[in-house]
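Per full-length UniProt numbering, the very first residue in the sequence shown carries number 1; after that it's consecutive.
A hint or two may mislead.
[As the list claims (entries may be wrong)] Distance condition first, Cα-Cα at most 30 Å in a straight line; then the derived DSS-like pairs of lysine-lysine:
(1) LYS35 to LYS9
(2) LYS47 to LYS35
(3) LYS47 to LYS9
Read the hints as simulated data drawn from the structure, not as lab findings. Predicted model, so just to flag it, every value in this text is computed and none were measured.
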Amino acid sequence: MNKATFEWKIEIEFWFVYHEDLDNLSIEEREILEKQARESIFHFITKDGYTAGELCESIDDREFYGWWNYRITNK
1 MNKATFEWKI
11 EIEFWFVYHE
21 DLDNLSIEER
31 EILEKQARES
41 IFHFITKDGY
51 TAGELCESID
61 DREFYGWWNY
71 RITNK
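Given these sequences and hints, build the entire structure.
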């Protein structure tokens, strides 16, 4: 049996719409917001099969909206 291997590269891009509260986040809060976004995007891709969409993440009753997309390429 012949075996072939290949590698795929997944590029995920996300960004939040500018809001002044975004500038006022601490480094820790920004890291939490980005972690929440990554987890949401992972769920959208693996569970729902989406390739792009809206984001809505919150920290302490402050909501941040944005967009995300991804693409798969071979190396």
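We went through each hint and held it up to the structure:
Between LYS35 and LYS9, the direct Cα distance comes to roughly 20 Å. Compliance with the 30 Å bound is thereby established for this hinted pair. For the given pair, LYS47 sits about 18 Å from LYS35 by alpha-carbon distance, which is consistent with the 30 Å threshold. Of the pairs offered as hints, the one joining LYS47 and LYS9 holds, with about 19 Å between alpha carbons and a cut-off of 30 Å not exceeded.
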